[in-house]
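Q: Sequence:
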Amino acid sequence: MEPFFIAASPDSPEISFDFARHHLSLRGPCSPPDAAAFYAPVLERLRAWLALCDGRSIDAHVALASIDAPSAAMLAALLETLNDAAIFGNEVRLHWYRDEEDDWAHAFGEEVREDFSGFEFVDCVVPARAA
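End of the sequence shown sits at 1283 in the numbering used here; the numbers just go up one at a time, nothing left out.
Don't take each hint at face value.
[Claimed, not checked] Computed spacing ranges between beta-carbons, pair by pair:
id: 1; residue 1: A1228; residue 2: R1208; range: 20 to 30 angstroms
id: 2; residue 1: L1195; residue 2: A1280; range: 29 to 39 angstroms
id: 3; residue 1: G1241; residue 2: D1267; range: 18 to 28 angstroms
I should point out that these hints are in silico values taken from the structure, not numbers from a laboratory.
For clarity, every value in this text was computed on a predicted model and none was experimentally measured.
Glycine residues also receive a C-beta, built at the ideal position from the N, C-alpha and C atoms.
Turn these sequences into a full structure, and let the hints steer you where they fit.
A: Structure follows, in structure tokens:
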């Protein structure tokens, strides 16, 4: 399957799926004007690819900022899709990048860890920069 890429915008994350390397990446601001429309093709491509996966090792890297409620719901759908892939025989690692001072990202990550036990959750704390 061909790689899938959406460039970041001021309110939308960069999406990069390198299916040949089994590498998924979402990074940047996460508050697109229409989260459902933004994430629909992302979920479609991810689900199509995962349907072809059996016993694969998949790395997902998520480094999002400014996640609004509609985007959080769509992110949960994406994570559920990855969790299902893990339950059905793939080895999935989710690398959750967050600023050490971002309490919301920490709490959301803990919810992800509790709600999606199929994949390995890796909490990647990014140290705060000195002012």
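Q: Flag every earlier hint the structure violates by its number, smallest first.
A: none
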